[in-house]
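K.L.:
Listed below, chain by chain, are the residues.
2 protein chains.
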Amino acid sequence: MPREITAFSNPLIKQVRDLRDKRHRRAAGQFLAEGLRILTEARDTGRLPRLLFFAAASAGHPLVRELVVTVEDSGGEAIQTTPDILSKLSGKDNPQAVVGVFDEFGGILADLDRGASGIWLVAERLRDPGNLGTILRTGDAVGAGGLILIGECVDPFSVEAVRASMGALFTVPVVRSEWAPFLDWLRAGPGQLVGLSLDTAHDYRSARYAAPTFLLTGNEAQGMPDEYAAACDLLVKIPMLGKADSLNAAVATAVMAYEVLGQQRQG
Amino acid sequence: MPREITAFSNPLIKQVRDLRDKRHRRAAGQFLAEGLRILTEARDTGRLPRLLFFAAASAGHPLVRELVVTVEDSGGEAIQTTPDILSKLSGKDNPQAVVGVFDEFGGILADLDRGASGIWLVAERLRDPGNLGTILRTGDAVGAGGLILIGECVDPFSVEAVRASMGALFTVPVVRSEWAPFLDWLRAGPGQLVGLSLDTAHDYRSARYAAPTFLLTGNEAQGMPDEYAAACDLLVKIPMLGKADSLNAAVATAVMAYEVLGQQRQG
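If you're matching them up, the sequences are chains A and B in order. Here this note's numbering is used: the first residue of the first sequence is 6, the next is one more, and so on. Here this note's numbering is used: the first residue of the second sequence is 6, the next is one more, and so on.
Nothing false has been slipped in among the hints.
Put simply, identical chains are the same to the list, so a pair is met inside one copy or across any two.
Keeping only pairs whose Cα atoms sit at most 30 angstroms apart, straight-line, the calculated DSS-like set for lysine-lysine is: (1) K27 - K93; (2) K248 - K27; (3) K93 - K19; (4) K19 - K97; (5) K97 - K248.
Since the hints were derived computationally from the structure, they do not count as laboratory data.
Model the full assembly from the supplied sequences, consistent with the hints where possible.
P.N.:
Here it is, written out as structure tokens:
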């Protein structure tokens, strides 16, 4: 039977709420994910929350009941609570029906099977959690093998990134690496490194992308360092017909990824 | 000579800060835009702020000096202030060097020249200001004729939308309309209405897009109503290979828009 917490002063509520802060996430090795859709997706990939908070009003919802049973069967704890406390945990005025506390996870480059997909996403010094989550969501959609984060990127387990990923955090492998070990790993096997750049005349639609293609997106404000661009097998640009000189990083990644997917599906 | 405001208690500061709220924007008919890049872009399209706030520390920056002079010459007011007050105005910890107060603007369908571009963006019940701004930014990049907002959409003049647009709010015409008058206007001239849908087998890359193409994107959570889909000349879908069933709305719009642009440029 789920226990019930209705008091804001309960110390567990503060602990869980603190997971919205990176320092606390790192110390606890845990993160927050909200919403029936995302938590169901997580479960389908074999990841269950250690703690599952749900509103009393949603206790009868079949998906919530299913989650509660599965979490309890796995040794986790389900906790019935109030909409106000769910709001506090998620930081949103209209909270989702469920909030889960998950253990952080992650892999290393050596875990990745580059033959598993024709498209891999690589982002360096990505700063915006919404962009990171959106790139993961796109990665799921194009069937990317994974997302490789180079250098100081925003935390993929931040509440905003998890939210924007719409569950793709659980379906798309994420690996963090520095540039040099990434390049060593990449060059130890097949793979074309394609960089998005403003300093090339090569239109992204006229290039040809062989599997596996590794798509490198640079920092939102500065793009990628010259050294990274020089290491690419191919630099391409997306045409910009207006006044601005760049696209949103998640948008640019998606436009590229769908061009690669379209070509690879056509054979 | 710019006057100086260094007191938080100055009533003008509260008035300007209130423009972050939709109700106050509507009452004042004004909105906020921040950053040298965006304000310079605005000036280049002939739009100048009525009020220009800048940090004393940036007063020597050539672009700031230029803006101050242009704003004062046009009858606007430049106000030197502190980083703390700029933070308060923009709601950000690291404020931009300048914050401007602009008059709202907008057009009607009858103003649009559909022959001016091969691509037009249409969004219905768009809820997220970041998505709206990002769609404008993409619209600028593909040379879209404009963005037509159908029904209850988020305010394009919200601080988040203006910020995500990176200045494209000033370069891409935005028109608000209801569905019926939009359809009347559309059918009174040439134009193919293309809807993004999950309920079609028609791949977006195998369709052919004749100019002018009007790309219709539905609400983030629900997609578009059946009635809107039925009115489209063509429904297409973007392949989804993963677990999720949809892309971020701004990403989907960009993937479509770049396919249309690519085809139209190829002739």
